[in-house]
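S.K.: All chains should be modelled from the sequences, with the hints used to inform the complete structure.
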Amino acid sequence: MSIPIAEIEDLHISFGSVSAVRGVSLSIEPGKCVALVGESGSGKSVTARTLVGLTGAGASVLAARVALGGTDVTRHGERQWRSLRGRVAGLVLQDALVSLDPLRTVGAEIAEVLHRHRVVPRAGIRDRVIELLSLAGVPEPEVRAGQYPHQLSGGLRQRALIASAIAADPPLLIADEPTTALDVTVQAQILDLLAERKAAGTGLLLISHDLAVVARLADHIHVMKDGVFVESGPAQEVLHDPQHPYTRSLVAAVTSLTRGVSRSDSPSRAGNATTQREVVLEASELTKRYGGRRAVDGVSFTLRAGETLGLVGESGSGKTTVARLVLGLLAPDTGQVELDGQAWSGLAERDRRPRRQEIQVIHQDPLSSFDPRLTVRRLIEEALPVRDEGRVAELLDQVGLGVDLLGRRPRELSGGQRQRVAIARALAPEPRVLVCDEPVSALDVSIQAQVLDLLADLQRELGVSYLFISHHLGVIHHVSDRVLVMKDGRVIEEGDVHQIFNAPQAAYTKELLAAVPQLEDAIRS
Amino acid sequence: MKRLALSAGVLWGAVTVAFIALHLAPGKVVDLIIGNSPGVTPAVRQQIIKDYGLDRPLLVQYVSYLEHVLRGDLGHSYRLQIPVSRAIGDALPATLALTFTAIGLALIFALVVAVLTAHRRPWLRGLFSTAETIGVSIPTFWFGILLLTVFSFTLHLAPAAGGLVLPAIALAVAPAGMLTQVLRDGLENALDEPFIVTARSRGLGDFAVRLRHGLRHALLPAITLTGWLIGLTLGSAVVVEQVFSRPGLGQLALGAVTGKDMPVVMGVVLVVALVYVIASTVVDLLYRVVDPRLRTEAPS
Chain A
1 MSIPIAEIED LHISFGSVSA VRGVSLSIEP GKCVALVGES GSGKSVTART LVGLTGAGAS
61 VLAARVALGG TDVTRHGERQ WRSLRGRVAG LVLQDALVSL DPLRTVGAEI AEVLHRHRVV
121 PRAGIRDRVI ELLSLAGVPE PEVRAGQYPH QLSGGLRQRA LIASAIAADP PLLIADEPTT
181 ALDVTVQAQI LDLLAERKAA GTGLLLISHD LAVVARLADH IHVMKDGVFV ESGPAQEVLH
241 DPQHPYTRSL VAAVTSLTRG VSRSDSPSRA GNATTQREVV LEASELTKRY GGRRAVDGVS
301 FTLRAGETLG LVGESGSGKT TVARLVLGLL APDTGQVELD GQAWSGLAER DRRPRRQEIQ
361 VIHQDPLSSF DPRLTVRRLI EEALPVRDEG RVAELLDQVG LGVDLLGRRP RELSGGQRQR
421 VAIARALAPE PRVLVCDEPV SALDVSIQAQ VLDLLADLQR ELGVSYLFIS HHLGVIHHVS
481 DRVLVMKDGR VIEEGDVHQI FNAPQAAYTK ELLAAVPQLE DAIRS
Chain B
1001 MKRLALSAGV LWGAVTVAFI ALHLAPGKVV DLIIGNSPGV TPAVRQQIIK DYGLDRPLLV
1061 QYVSYLEHVL RGDLGHSYRL QIPVSRAIGD ALPATLALTF TAIGLALIFA LVVAVLTAHR
1121 RPWLRGLFST AETIGVSIPT FWFGILLLTV FSFTLHLAPA AGGLVLPAIA LAVAPAGMLT
1181 QVLRDGLENA LDEPFIVTAR SRGLGDFAVR LRHGLRHALL PAITLTGWLI GLTLGSAVVV
1241 EQVFSRPGLG QLALGAVTGK DMPVVMGVVL VVALVYVIAS TVVDLLYRVV DPRLRTEAPS
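Chains as they are written, first to last, in the working numbering: chain A, 1 to 525; chain B, 1001 to 1300.
Treat the hints loosely; a few may be bogus.
Said to hold, decoys possible - One side only, chain A facing chain B, incomplete, derived with CB under 7 Å:
no., residue
1, 86
2, 97
3, 98
4, 103
5, 120
6, 125
7, 127
8, 128
9, 148
Stated by the list, open to error - If we take Cβ atoms under 8 Å as the criterion, some of the chain B residues that face chain A in the derived model are:
no., residue
10, 1193
11, 1203
12, 1235
13, 1292
14, 1293
Bear in mind the hints are in silico, worked out from the structure with no lab data behind them.
Backbone N, C-alpha and C define an ideal beta-carbon position, used for all residues, glycine too.
M.R.: Put into structure tokens, the structure is as follows:
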């Protein structure tokens, strides 16, 4: 057993009177990956940041021992921390669009580390930057070094961010949700890159809310909830034989989304073939151009009563544009949308408005679609044709919320509660069609499963149809009856959910499916 | 290109407004030209009307005025008996020097104070923030008189007339207050962004983080404000020049207004509009220099 490159013993962190972390201990060895898994607010990020002395203003940190490379750093002042940051530990955050300075070139960002720690002589900085970019798998590094984050794709940005974190070749790399903002194929590539670093001997502290991501890299897993480690152990044990109920619920939530548990497998839906039902929404040959680019290119589909049509694709595939065309927020260049057999897309807004209640939408981030000053009661009331206390209570009950939340404002709700309120509001005018645009992407895994189940229950009760848009294949598999796979504005493949997931025809669909992190692979291996 | 058309539009608007104002002013234009000079016979009066083309239809006069302005000919001062362009050319450098010194002082103050006080202890931040608010709200001429009384008449540290430092300080106070508030606000927003955490995780010190990463983001709104403040300060400079008895556009404009020397008044209006347009064009270009996101299109 080698000397751990990072150790934390009995760590306590509090912000004012709120205690965020209570007595956690961990140790990371060279070439190993330790993962912290938990939901937002569980204290995993702040725990990791004690290893770079960046717990933030107002945090009081108490620990029996925090050591980096065998040196106790508990009494380090800011100056000593600065000499360690970047050199002994590198930090990779989520979304590089905001984690790299948007006003500086990625080359300048990487050079900053080299400069700060005098890794190479000044004259050699440029060459080293290019070397690091190519080490991080960035093609054409000479060109990319001179570009700004917004000019790079999400995957390249994230690689550049990793290049800056490993510039001074630190023995420890802390990756805080490093793939959360990325598409699934890109996510797989970034995880591979981190695996390369690990193989090269870097110790990795990986933080994620997603067990499936962690399963690909972790040697040791700590499951964190409310500031404590509820379960710790070798990755295989924790994933294969979870002891704590919370870990079990996490594993269950992930497997139901990755193993291909489709709800159309359930007996209640069997023999319930939706193909005979009436068509509520029909899109034919939709095309929409932005500038010279075809965002949507000849997309057709039908949505029947009580059915869920999954629309899956990576960012830029045109799925959100389809949603906006269907909602009548954008007019198609060619093609048309019919709602209930009547023209919908070609109408003047004045003629569309009386029928607006028939098609509703829920978004990824309900917080930004709510007026922050309104209470839950007002938010739902607004969507009702007439004010009706009883109906508001009924809707809340349908989405599994109590009337005690009526007086709350959006910021006072949890992410899951907010999405439930958004669903209640969307259902208030009794729509025929609900467009769900990435409705669970911003939620933690266990909450995702609950919201998806709620949507399924509501569909059974109310017979509403869903156009369900997501980049997450597991989610699409879980909710859909039929699936459209989109890429570059076109429909690549279309079919029954079983056919798409079990016998995909198009090469692109196969590629997408292969890139999904599978918990089972890790468990079986 | 669009920018250029807009600038031309603003200038054309200023010329037109000045022209309309001249003709709406009480009394006939010819009387403004004659002014108070006694003993002008009706014959002379007719001659002047003819000389100045005042007997032509208004539209023709307007077009002819536009033509002259386009050629850089702003007319002839009745009072000073020199071309308006020369009168303005003589007065403008002093006023521009005053304006830009004041803006420079305001910028330096704002940068230093914002960098030092953003996200610092509440009492320190509060102290400066209050001072800035007071600075924005006190009248410039009053503060000018105060400075004169203290530094020139009581302490004898500065000349009572013609100096640059005191009037520039008086003029800088309000812009400094506004700029500091905007810069600090921008800096505090930037310092809360994730890329600041990344920068710190590279071992950068607090000061380096503020200067290298925070400040550029804070500059964006401050640049817009500065463009606007240059125009505003030029206007205030006219007042401050009077308080400090400094020659410049202020004295010229005041003399022209009291003496009903309309060509000069119109010329001054035009020049102020021109400075405004130049300032906002420069601001627009600077914005592109600071923010690369405005220079390029979306990722390919």
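S.K.: Each hint needs a verdict: does it hold in this structure or not?
M.R.: So, going through the hints one by one against the coordinates:
no.	hint	verdict
1	86	holds, 4 Å
2	97	violated, 9 Å
3	98	holds, 5 Å
4	103	holds, 5 Å
5	120	violated, 15 Å
6	125	violated, 14 Å
7	127	violated, 19 Å
8	128	violated, 14 Å
9	148	holds, 5 Å
10	1193	holds, 6 Å
11	1203	holds, 4 Å
12	1235	violated, 33 Å
13	1292	holds, 5 Å
14	1293	holds, 5 Å
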